[in-house]
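Please construct the entire structure, taking both the sequences and the accompanying hints into account.
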Amino acid sequence: ILNVEQSPQSLHVQEGDSTNFTCSFPSSNFYALHWYRWETAKSPEALFVMTLNGDEKKKGRISATLNTKEGYSYLYIKGSQPEDSATYLCASYSGGSNYKLTFGKGTLLTVNP
Amino acid sequence: NAGVTQTPKFQVLKTGQSMTLQCAQDMNHNSMYWYRQDPGMGLRLIYYSASEGTTDKGEVPNGYNVSRLNKREFSLRLESAAPSQTSVYFCASSVTINEKLFFGSGTQLSVL
Numbered sequence: 008i009l010n011v012e013q014s015p016q017s018l019h020v021q022e023g024d025s026t027n028f029t030c031s032f033p034s035s036n037f038y039a040l041h042w043y044r045w046e047t048a049k050s051p052e053a054l055f056v057m058t059l060n061g062d063e064k065k066k067g068r069i070s071a072t073l074n075t076k077e078g079y080s081y082l083y084i085k086g087s088q089p090e091d092s093a094t095y096l097c098a099s100y101s102g103g104s105n106y107k108l109t110f111g112k113g114t115l116l117t118v119n120p
Numbered sequence: 747n748a749g750v751t752q753t754p755k756f757q758v759l760k761t762g763q764s765m766t767l768q769c770a771q772d773m774n775h776n777s778m779y780w781y782r783q784d785p786g787m788g789l790r791l792i793y794y795s796a797s798e799g800t801t802d803k804g805e806v807p808n809g810y811n812v813s814r815l816n817k818r819e820f821s822l823r824l825e826s827a828a829p830s831q832t833s834v835y836f837c838a839s840s841v842t843i844n845e846k847l848f849f850g851s852g853t854q855l856s857v858l
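Same order as they appear, the protein sequences are chains A and B. Quick note on the working numbering: the first sequence kicks off at 8 and runs consecutively. Quick note on the working numbering: the second sequence kicks off at 747 and runs consecutively.
Certain hints may be false.
Stated by the list, open to error - Incomplete in silico selection of chain B near chain A, CB under 8 Å:
hint : residue
1    : Pro754
2    : Pro807
3    : Lys846
What the hints assert, rightly or not - The following residues of chain B were derived to be distant from chain A, with all beta-carbon distances above 10 Å:
hint : residue
4    : Leu759
5    : Lys760
6    : Gln768
7    : Met773
8    : Met787
9    : Arg790
10   : Leu791
11   : Asn808
12   : Ser830
13   : Leu847
14   : Phe849
As the list claims (entries may be wrong) - Here chain A is said to cover these stretches of chain B; the calculated rule only asks that three of the stretch's residues, wherever they fall, bring their Cβ under 8 Å from a Cβ of chain A:
hint : region
15   : 794-804
16   : 839-845
17   : 850-858
If you're looking for bench data, these hints aren't it; they were derived computationally from the structure. It should be emphasised that the depicted structure is a prediction, and the values quoted were computed from it without experimental measurement. Built from N, CA and C at the ideal position, the CB exists for glycine as well.
What follows is the structure, given as C-alpha cells:
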C-alpha cells in the first residue's frame with residue numbers, strides 16, 4: 008500500500024446502529040496514525056493519535072484500534088447518533104527527514120434518525 | 747479561545763492576480779501547515795513550518811510561497827493565481843511535528 012486508503016467511501020446507518028470503518032496505510036517507516044472528524048461547514052477536529060501496535064483509544068462512543076504490522080486501523084462508533092454524521096479522516100505519518108502526514112479521502116457517515 | 751484564525755474566508759481572483767492568505771494561532775504551537783482540499787482528494791500538504799524560522803515543501807508546493815513571520819503567523823502567497831489553484835485552503839498548527847493538528851476554518855478560493 009503506497010497511499011492511505013479508507014473504506015467504505017460512504018455509509019448510511021440508522022440511529023442506534025454501531026458501525027466501523029477502515030484505514031489502510033503503508034506499514035514501512037510507520038510513525039503515527041491520526042483520526043479526525045470533519046463535520047460539514049466546519050474544520051477537521053482531532054479524535055486520536057496512535058503510535059503503538061495494538062494501541063486502542065476511546066472517546067465516548069468512538070474508539071479506534073491500530074495494527075502497525077499489517078498497516079490498518081479501525082474506527083468504531085457504538086450506538087450512532089445523528090450528530091455523529093460527518094466525514095472521518097485518517098492520516099498516516101511516516102517518519103524520516105521529511106515531514107509526511109498523508110491523509111486518506113475519508114469516510115462519509117450519515118446517521119438517519 | 748481563538749485557536750487558529752484564517753483570513754479571508756472567501757476570495758475570488760482573476761488568473762494572474764496575486765494574494766496572501768493569512769493564518770495565526772494563539773496556542774504557542776511550534777509547527778504550522780497549509781493544506782488544500784479538492785473534491786475527491788484527501789487533504790494535501792502545500793508547505794509546512796516545523797518551527798519558527800523554518801519552512802519546507804509539502805506534497806503540492808508549486809505556485810505557492812510561504813512565510814513564517816513569527817511563531818504565531820504563517821502566511822501562504824499565490825504570486826500568479828491559476829484556475830488549478832481553485833480550492834479550499836486550510837491552515838493548521840500543532841505543538842510539534844506529528845502531534846495532532848488544529849485546523850483553521852478554511853478559505854474558499856476561486857480563480858477565474
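Contradicted hints - numbers only:
1, 2, 8, 9, 10, 13, 14
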